[in-house]
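**Student:** Going down the list, the protein sequences come from chains A and B.
Heads up: the first sequence is residues 1 to 315, going by the working numbering.
Heads up: the second sequence is residues 316 to 736, going by the working numbering.
Just so you know, these hints were derived from the structure itself, not from any lab.
Some hints could be false.
As the list claims (entries may be wrong) - Examples of chain A residues lying across from chain B (beta carbon under 8 angstroms, computed): (1) Pro84; (2) Ala92; (3) Gly99; (4) Val103; (5) Ser279; (6) Leu284.
Note that beta-carbon positions come from the ideal geometry of N, C-alpha and C, so glycine has one too.
Listed below are the residues making up each chain.
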Amino acid sequence: MEVFLFSTFNGVLYGMLLFMLASGLTLIFSLMGVLNFAHASFFMLGAYFAYQISTYTGFWSALLVAPLIVGLVGALVERYGLRPVHRFGHVAELLFTFGLAFVMEEVIQMIWGKVPVPYDVPELLNVAAFEWRGLQYSAYRLFMLGVSVAIFVALFLFIAKTRVGLMIQAALSHPQMVQSLGHDVPTIFMWTFGFGCALAGIAGVIGGNVLGTEPSMAITLGPIVFVVIVIGGLGSLWGALIAALFIGIIDNLAITFDVSIYPLFALFGVAREAEGIMSDLVNLTSGGISPVLPYLMLVLMLIFRPRGLFGTRDV
Amino acid sequence: MAALLRQSAVWLIAVAIILILPVMVKSGFYITMLNQMGVLIIFALAYNMLLGQGGMLSFGHAVYFGLAGYSVAHYLNGVGEETLPYIPVSLIPLLGGLVSLGFGILIGFVSSRRAGTTFAMISLGFAEMVTALTLIVVTFFNGEEGIQTDRWIGPEPFGITFGSDVQVYFLIGVWCVLATAAMYALTRTPFGRMCNAVRDNPERVQFIGYNTHRVRWLAFALSSFFAGIAGSLHAINVEHVGFETVGLAQSGLVLFMVWIGGAGIFAGPILGAILITLLNSNLSDITEAWYLYLGLIFMIIVMFAQNGLAGLIVMHEPIWKTNLALFRSMFLPYVLGIGSSLVTAVGAIGVIELLYFMRTRQTAETVTHLYWMEVDAANVLPWAWSVAALVAGYLACRQTYPVMAASYSAAIAEVKAMVAS
Numbered sequence: 001m002e003v004f005l006f007s008t009f010n011g012v013l014y015g016m017l018l019f020m021l022a023s024g025l026t027l028i029f030s031l032m033g034v035l036n037f038a039h040a041s042f043f044m045l046g047a048y049f050a051y052q053i054s055t056y057t058g059f060w061s062a063l064l065v066a067p068l069i070v071g072l073v074g075a076l077v078e079r080y081g082l083r084p085v086h087r088f089g090h091v092a093e094l095l096f097t098f099g100l101a102f103v104m105e106e107v108i109q110m111i112w113g114k115v116p117v118p119y120d121v122p123e124l125l126n127v128a129a130f131e132w133r134g135l136q137y138s139a140y141r142l143f144m145l146g147v148s149v150a151i152f153v154a155l156f157l158f159i160a161k162t163r164v165g166l167m168i169q170a171a172l173s174h175p176q177m178v179q180s181l182g183h184d185v186p187t188i189f190m191w192t193f194g195f196g197c198a199l200a201g202i203a204g205v206i207g208g209n210v211l212g213t214e215p216s217m218a219i220t221l222g223p224i225v226f227v228v229i230v231i232g233g234l235g236s237l238w239g240a241l242i243a244a245l246f247i248g249i250i251d252n253l254a255i256t257f258d259v260s261i262y263p264l265f266a267l268f269g270v271a272r273e274a275e276g277i278m279s280d281l282v283n284l285t286s287g288g289i290s291p292v293l294p295y296l297m298l299v300l301m302l303i304f305r306p307r308g309l310f311g312t313r314d315v
Numbered sequence: 316m317a318a319l320l321r322q323s324a325v326w327l328i329a330v331a332i333i334l335i336l337p338v339m340v341k342s343g344f345y346i347t348m349l350n351q352m353g354v355l356i357i358f359a360l361a362y363n364m365l366l367g368q369g370g371m372l373s374f375g376h377a378v379y380f381g382l383a384g385y386s387v388a389h390y391l392n393g394v395g396e397e398t399l400p401y402i403p404v405s406l407i408p409l410l411g412g413l414v415s416l417g418f419g420i421l422i423g424f425v426s427s428r429r430a431g432t433t434f435a436m437i438s439l440g441f442a443e444m445v446t447a448l449t450l451i452v453v454t455f456f457n458g459e460e461g462i463q464t465d466r467w468i469g470p471e472p473f474g475i476t477f478g479s480d481v482q483v484y485f486l487i488g489v490w491c492v493l494a495t496a497a498m499y500a501l502t503r504t505p506f507g508r509m510c511n512a513v514r515d516n517p518e519r520v521q522f523i524g525y526n527t528h529r530v531r532w533l534a535f536a537l538s539s540f541f542a543g544i545a546g547s548l549h550a551i552n553v554e555h556v557g558f559e560t561v562g563l564a565q566s567g568l569v570l571f572m573v574w575i576g577g578a579g580i581f582a583g584p585i586l587g588a589i590l591i592t593l594l595n596s597n598l599s600d601i602t603e604a605w606y607l608y609l610g611l612i613f614m615i616i617v618m619f620a621q622n623g624l625a626g627l628i629v630m631h632e633p634i635w636k637t638n639l640a641l642f643r644s645m646f647l648p649y650v651l652g653i654g655s656s657l658v659t660a661v662g663a664i665g666v667i668e669l670l671y672f673m674r675t676r677q678t679a680e681t682v683t684h685l686y687w688m689e690v691d692a693a694n695v696l697p698w699a700w701s702v703a704a705l706v707a708g709y710l711a712c713r714q715t716y717p718v719m720a721a722s723y724s725a726a727i728a729e730v731k732a733m734v735a736s
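So here's chain B without its partners, still in its complex pose:
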């Protein structure tokens, strides 16, 4: 019983947080943000079935997200006009998922023969094709305007109308938990293990007698199914589906989320989706350079942290599981390392913000806000300070990072010694 409780603790905590959040945040802004977050968590996990579990890097997974969204929007409109049979709105994501499953089966067959670069290129081709089709097949996609819809349809079982955003929040919450549980369970099945095997060593898998194409194909189709659920919830949530939902920007966003969060760890995409939605909602109003920062963060993660932020956390798991006291010797090196990274970031942000301001300002006004201070961008001082912080931080990083790495290695070595004895 106790073991069962410990195993399911993470899930129970997650459900508890989902239940408590809408009580704690009352403002509409945050409910909207949470809804978006839930949708993107499902989408990111679905995407990671391809990238993290199956080793297939896709630049076009938004296609399955968006196509389900369009289908659901049309279905809702059809029910509204009483030309289509009614099913409860709560079950409609399943419908959207099935639509995407269909597309996933069709397109997956052609594109999943190979993984890696080739797969990436083909996925991009399909993404571009569907994006171009949004402007051509007007009856389905309605060009740049997209499809408007209304989720308030049919009878009202138990008084659930999905009129308010909070009701949609719980719908997304339920689907989020269900989809996450299903995708997690999939990683535990023999099929899930085969996906990992095909990712790591396809040649060997073929020798054992498996058909790598078929494993990838199935993974692709299932991943499309879950992406379709996410897309359907998106359509229900914002009651509008536009051509941007199938486009490269949406596919890129989910890729960023997954990789920054950590593709190699199941919870990584969840972390990435939460973090980037938070930053996106809060920063995109403050700074115009938000996408530049996002791109830079992504590149830094690609270059230095293969398993993303979740990987950096999980890396320390053996230490806290053996002996928390080991962290004591790591404290100072970590504070110095993180501190010098922060100084670098402060300098870089300062330079970028000043540059952005000077190049995009509409008036001759040169006074702007930087770090809650009023600065004159025509003056040399703010530039000098920013560049100085950037350079000093960078030089400090070069000194402190090796120390930080050494303290980590020492702690891990001690863990190994403890486990061995």
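This is chain A alone, in the form it adopts within the complex:
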């Protein structure tokens, strides 16, 4: 029971990190129609900036400054990179961000090297927060959860209560109408892009020291974030939240409990002593298939409900 609870807790944590990435991505996507392939690269940038800043002034200032810089970099990328490409259409924009992700990984390798950098959990929080039936839970993980929930609440208040938030909401569904009403849509685009990147940056700052800060961290997480926004329904923040938590929890439970998936095959009358490829499949455990699970969910979702959980339009 306690293992189950702890594992679910970790799953929620991972899910909230995914949500921080996915919320920015889905906002940018539904606002601008741009699938930001480099979104996870901004997450990585957040982690590296935080590492660099924390070597000078410690973790807490990094938590504040790094996301701001990442957001600024994002806004600059939108203004001077993406906006000129906009006239060539969405495919060109997607290609631009794909190239950007590629270049960012190379640049990060150039500056910080190919091996992981020692970006550690701050001393203050590197203790056990509580112990329950012999299992310890780290204070830093609680802190991560706190930050991500705070960000989540702030994001919803921002979208629902502020003037800019309402403008973004309006631009989500009726971009032409918003433009006709005289709002400066390109500037909204720029700051939304920067804002989304900053959210990814925060996730990088608080997640980088747990997940490991290395040049491949963007490419491992990026595709899963895409899965999250498709499953949640493109443009839906609630959908992104549910899908992120769902994937986070499933992933953690699958790895923790590592049960055999043979019963699934038994349903179809496959013998335990199968030959060839089937022998690989019947001997699999849930931990073994956990890397495939998000993509499997994506495919099933596309077949049975192409608009995602909360989406209003088919993908």
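Following the hints, position chain B against chain A.
**Tutor:** Below, chain B without anything else, positioned relative to chain A:
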């Protein structure tokens, strides 16, 4: 007769080059490179059936390349162990193509409902899934080790054993010509035209009464088939198939080739595949930053040259077809424009190389080679020169590019006037 000859001239020249090349280059390094080039030309053209012809941007087309490769490797091993019936090695790419066609039909059905961003995302999902499966389904993919195979199997018709790389070169050459011809012919069929229509205006195509999903699906399946042929040739060529052949890096590489070469023009992917294979083989030993350069070139092409390098060439076609003398007034602006671009590039490469060297060096040694010179990276001079070249080149570009564009527009205007009169 003369018209027929003129039409087929490009093909005849291509075949002639393919026949002459192995005689001219004797070294094994270049034969290996040419083999790789041939495989990638087929793959790039297959990919462009999706991207250029059908408007579907895929981040996972290596899946069909790699799966065919794995299948062929297993088939060759099966024939070697005499558990599978023999077919000549020359025909095996067809087998691999059919395997990929099967996968293309299955996966294409789910993913080709929409084009554009959605299609791209789904293709990425499938690519990641197959990449993850390489570590799970060990009997087929054999994890990170991949599958080793041997192309020297069965009887030896006409003494062809594919023991040497040169024999494989001709195998790839023949398949390359066949596949290119087939894919070119496809663009001329009504189906090929429908692909373009679906790319440009799917809504209108639906109104006319076509099923856009079915057109895309068919294009996807056929593209997978040709990617499978390329993957099979890859397996025969290197006699090993690893998990990297299905991965995102391979899909990204073919995307780079196609877009840098030019997706909108049939020959663009060929140009891209040749150019990038050349650079890849020759530069990856010299500089560690090769992938950074590749990414930067790609981004520059995305931002400034929608139809890639081939597009830049084709852009000038009306001029040389009307009157070569028109180039005279363009000569100086072009030399200045290209010259200032080169200065910028020299500066940028200098900065990147010095940075790379300083950040990745293992010893305290600060002396390195830059542009065939020995420079001390701890000294400020090489940095200053590089930055100066970069800035000066950039400023010069801002002056010379408008002039270059103006001279081009003037020439085109004259062409129009000539054609009209």
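**Student:** None of the hints should be skipped; say for each whether it holds.
**Tutor:** Evaluated hints:
1. The interface hint given for A/Pro84 holds, since its Cβ lies 6 angstroms from the closest Cβ of chain B, which is under the 8 angstroms cut-off.
2. Here the hint on A/Ala92 is kept, as its CB sits about 6 angstroms from the closest CB of chain B, short of 8 angstroms.
3. Annotation: interface hint on A/Gly99 holds; nearest CB of chain B at approximately 4 angstroms, less than 8 angstroms.
4. Given the 8 angstroms rule on beta carbons, the hint for A/Val103 holds: about 4 angstroms separates it from the nearest Cβ of chain B.
5. Below 8 angstroms, beta-carbon pairs count as interface contacts, and A/Ser279 has one with chain B at about 7 angstroms; its hint therefore holds.
6. Taken as an interface hint, A/Leu284 checks out: its beta carbon lies about 7 angstroms from the nearest beta carbon of chain B, inside 8 angstroms.
Comparing the model with each earlier hint shows no violations; every hint is respected.
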